[in-house]
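Participant: The primary structure of each chain is shown beneath.
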Amino acid sequence: MMGQPKGGLVRGLDVKLSDREIYEKYSADLIRYATVLVGPDQAPDVVSTVVLRVLKRRSLGDLDDPKAYLFRSVMNECRSWGRRRKAGQVVLGRFFEREGSESLDSTVADRVSAAEAVWRLPPRLRSAAYLVYWLDLSISEAAQVLGVGPGTVKRYVHEARERIREELS
Amino acid sequence: MSREEHLIRTGLGVLTESAPLPPSFDEVAAPPERRSTRRPFYAVAVFGLAVSVFLGTIVFGGGMRLAYATDPGVHLTYTVNSESSLGNETFKAGPAAVGFQLSDAGDGLIDVHISYEPLEGCGPECPPGVTFVQTVTEDGEVVRIRGLTEAQGVPGFVLPMPITPFGTRHIIGFPRFLGPPLPKHSLRLGDTWATDELGVIGQHHLVDQTQLDGRDVVTIASTYSYVPPYPDFGEFTATSTVWFDPADGIVVQAHIHRRYPPDGYGPNRTDEEVFKLDG
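The listed protein sequences correspond, in order, to chains A and B.
Note that this note's numbering numbers the first sequence so that position 163 is 179, with each residue one more than the last.
Note that this note's numbering numbers the second sequence so that position 264 is 373, with each residue one more than the last.
Think of the hints as simulated: they come from the structure by calculation, not from any bench.
All of these numbers come straight from a predicted model, not from anything done at the bench.
One or more hints might be untrue.
[Stated by the list, open to error] Covered by chain B, per the in silico footprint, the following chain A stretches (three or more residues, Cβ under 8 Å):
1. 59-67
2. 83-89
3. 131-143
4. 156-166
5. 173-184
Where is the CB? At the ideal position from N, CA and C, for every residue including glycine.
Start from the sequences, fold in the hints, and give me the full structure.
Facilitator: So, in structure tokens, the structure goes:
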């Protein structure tokens, strides 16, 4: 898990994984993380950009904690993309294509409302919520990914809950 | 599980369901030359090191990617020579030299080691030399600054100032002159284009294009004006000479000379900036 000491994710296996193996191990999680932060259209480019940048400099296997490193890098890259693009409604449109927007029953409508509310969270809150509530990382693990203290993660998560409560009450 | 937590999980579920398949490793690991469609973007990217030194203010402009220029070990130098008169006072902010050494800060961040030294001819009005480190994203956004103790005690030496009329990328003249990244080869003598950077409108004209010492060299004449939220500071003009490495389109050097009108912001000011990628 992410909170393990240096090398825990890879070296703990006592096997030197190849770049390809490491990438394929985490790529699905990374693309979902990027999707939550910038939307499905930009997510592949974000992940590609981050991984290519690392590979230009070193092997993924040389990273102390590749998973945490890649997640942090995706988050930083998403911050950049978020500034470049005002994607809000377009992105949400893509999210809900598969939800059958023409005849929303109450369950689907609830899901859409929840997704809209989460999407409207500031990126740092959305990021913390994803790590804690979707990846089920501990507070300390999420703090390691976000590069902040555990108290800050707690505050983010609390604030996310408060905003959701206010919005959907 | 609280209701809010349930709603967050539900919302995240919807969002993650729309996630596309990740690109394959082969797609991601394609060497840069195979990603040629993005090359022009990178060609402009070196401009991202938009640093302006004026009246003791050093600003790292945000909003741009440094791309190849962020490789650890890259060294850049930047000099500025600026003068202006305001009322009865004359300000001279140069000549001064700024050196940059980039290193990998991990997590996709870059440490920019910056040294600022007034050069001979820069009077006592120049702030003393400082050395500090800015950690930035590849967009140039400053995440943290270290080693500023010496500078913090210097009046007028303010770091960072994200947006000022003279402090950001658009003032540098060249960093974003291509606006939305355009392939260098699409530029032709006589081309004109416009930029709109955070309230500074630029009109640009490619007035010369030549080769010199194996470099592609272009000269661009620009006229800038301000729109809200800035007051009407009046127009100013700039001439930018930019050296490209034809092999990869990276900008290796730029020289910008700006002139400000008598009734504009920083009246009668002129400044020159030289930006050089050393390797």
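Participant: Does each hint fit the structure? Answer for all of them.
Facilitator: Verification of the supplied hints:
Counting residues of the stretch 59-67 of chain A whose beta carbon lies closer than 8 Å to any beta carbon of chain B gives 6, which reaches the threshold of three, so the coverage claim holds. With a threshold of 8 Å between beta carbons, the proposed coverage of the stretch 83-89 of chain A by chain B holds, since 3 of its residues qualify and at least three are required. Counting residues of the stretch 131-143 of chain A whose beta carbon lies closer than 8 Å to any beta carbon of chain B gives 5, which reaches the threshold of three, so the coverage claim holds. By the rule of at least three residues with a Cβ nearer than 8 Å to a Cβ of chain B, the coverage given for the stretch 156-166 of chain A is violated, with 1 such residues.
Against chain B, the stretch 173-184 of chain A contributes 6 residues with a C-beta closer than 8 Å to a partner C-beta. That satisfies the three-residue criterion, and the hint holds.
Violated hint for the displayed structure: number 4, the only one.
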